[in-house]
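J.: Fit chain B to the supplied structure of chain A, relying on the hints for placement.
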Amino acid sequence: MTQPATAPQKEAPPSATKSAGDQGSSRRPVLRWDVRTLSLLGVLAALVAVGGITAPDEFLATSNLQLVLTQASVIGVVTVGMTFVITSGGIDLSVGAMVALASVWATTVATQEFGFAGILFTAVIVGVGCGLVNGLLIAYGRMVPFIATLAMLASARGLALQITDGSTQVVSVESVLDLGAKDAYVLGIPPLVLIFGAVTVIGWLLLNRTTFGRRTVAVGGNAEAARLAGIDVRRQRLYLYLLSGLCCGIAAFMLIVLAGSGQNTNGNLYELDAIAAAIIGGTLLSGGRGTIIGSVLGVLIFTTITNIFALNNLETAVQQIAKGAIIVAAVLVQRRSLHGDT
Amino acid sequence: MARTPATSRRALLFGTAAVSAGALLTACTSNEPKDQEGAADNAAPVADDKPGKQVTIGFAGPQADHGWLNAINDNAKSRAKKYSDVTLEITEGSNDTAQQIGQIQTLINKKVDVLVILPADGKALTQVGLQAMRAGIPVVNLDRVFASPQAYRCWIGGDNYGMGLNAGHYIGEQLKDTKNAKVVELAGLDNLELTQQRTKGFDDALKNYPNIKKVARQAADFTVESGQAKMAQLLQAQSKFDALWNHDDDQGVGALRAIEQAGRDDFLMVGGAGAKSAMDAIKAGDSVLKATVLYPPTMAASAIDLARALGQGKGVGGLAEFEIPSSLTLYSAVVTKDNVDQYLPTGFI
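Taken in order, these protein sequences are the chains called A and B. Converting from the first sequence to our numbering requires adding 20 to each position, the first position being numbered 1. Converting from the second sequence to our numbering requires adding 3 to each position, the first position being numbered 1.
These are calculated hints, taken from the structure and not from any lab test. Note that CB positions come from ideal geometry on N, CA and C, so glycine has one too. Each hint should be verified, as a subset may be incorrect.
To be verified - Chain B side only, calculated, beta carbon under 10 angstroms to chain A, not exhaustive: (1) 134; (2) 137; (3) 221; (4) 232.
As the list claims (entries may be wrong) - Residues of chain A placed beyond 12 angstroms of chain B at every Cβ, according to the derived structure: (5) 68; (6) 163; (7) 171; (8) 218; (9) 254; (10) 259; (11) 329; (12) 331; (13) 349.
If we strip away everything but chain A, and leave its shape as in the complex, we get:
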């Protein structure tokens, strides 16, 4: 289990995957990784083609590409954190609720008085705090991740509802709102996309180039073997849920910038979107293998589909059916490509 799991770490980012695949074709694990990433890139390319054909004027416009990336950013950051958790064999069902709680807490009147820093700090701290609770319950309270994070889902949403009393908290701090304006774009890239990019790069480095990443994979592959190999499995688990909470805090801040407000319904169903994107990307739900690039491609695929549907004015019902179909298709394709080695 450890062998195929660690092999992808030696791989390069997607821009380099093709050539790297050719060079490393003698080693099966590398080839497998490549097929998976390439198939995801293929799906994305096909979607771009569909978008370009069905809505030629709108889809390829710069403003639309900026929009697709912006809309992928918030859920994308959450998915990076989720990828780590799933790779370790866990699950975090509370991500949407943590985003909601962090976003409403950070937009209370009291918090807004401290301006930009107050909002950013509160969002991140609330996310990390929730992650800490999850981590302690799972690592040291020996609770099953599914149950612990389910409890967090319920209580964080409840707390978010209590803080807002059901009403929308509009942000009046200009410096926060300005981050979402066109003027803030750096070389045409919205700041939220830059944050997403940074989180992706850091996440990739952390999973593929550090001891922390190797330990994550090892715990997910076989926790008992990892323990025997000298890894502090509990502490590793604690860190992983903390990391997921941190990502949710960052995502909450990004959502505040995007929507200009905090609402207890924020982050609705993020847990399912993030899990779906990670699974499509090739992260094993049973743990032991994770891929940040795959997860990000999964998020981009979903966002692009939504965008194409909206540009062609299709109904929500059709969008949901298509999303389901794509999840099934992607997983079936992966199972076929994996069949030889598992």
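T.: Leaving out everything else, chain B in the frame of chain A:
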């Protein structure tokens, strides 16, 4: 009517005759002040501010996770406080059908005098409404209607079809001189019946204006986040349009944010429901939002009034009836800059 001038003239004659007869009759009755006074005093007792028989009202609503629903709860509570003869038993709101049924059954067991129920899902809660009515507790059904008229004594609620209709007519009048006008619709949750009713009303109204075409419709989830996301998509898809109708002011906060981020101001926007933030924006007049069609949360206060009248066996003021009506549909007024001050106090946060 326009077919033969003869018939129209005849109709006019008959009409005049009928009106005169009516006037004569009115004149006759008004000449008998004694009778009229008697009728008002004895026949139809009307609930008023004066304390009457003590009434315990049970109130069960859905989870207030949305500005409008929160305003519903507030309206019910503050109205009940106004009356010294009313005790309000309020349950924790829930969107879970089974849980809400349980809460209503608890209120039935407590033997409250009257029940006010805003069901999370009207159809799913019909049975428990029937149960209350059979137990001798009259039910005031608020907003989301039960599937059977036997399940409630009185229904009061908003007019979703009317919202669409009035939004459509307002936009139609604003654009009546625009050639080939394009309209875009940002709908609410598509799995709610009320969303379809709002869209139907809107489409029906637009049929009166052949120069207007609805070019796009996307459904959001009544949340700020979904409003921002879907509106951003719509703005990408439609490089130019003349008017936008957004079903809900809460998701409108997000929609306005998306419009601002895209730097667009080439169309007029009409909102829905009547949030305070929307009314403030209409009053300020510095955004694309020019109007909102009401779906007044004051209906909860009115429901308390009706429940109190029911409990005291009285009718309502302003009507000659002995009993409260069996159904009341509220009007979806269009709030614009001209009349916003009048409606601002009802705007919910």
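J.: Hint by hint, work out which the structure violates, then give me just those numbers in ascending order.
T.: 1, 2, 11, 12
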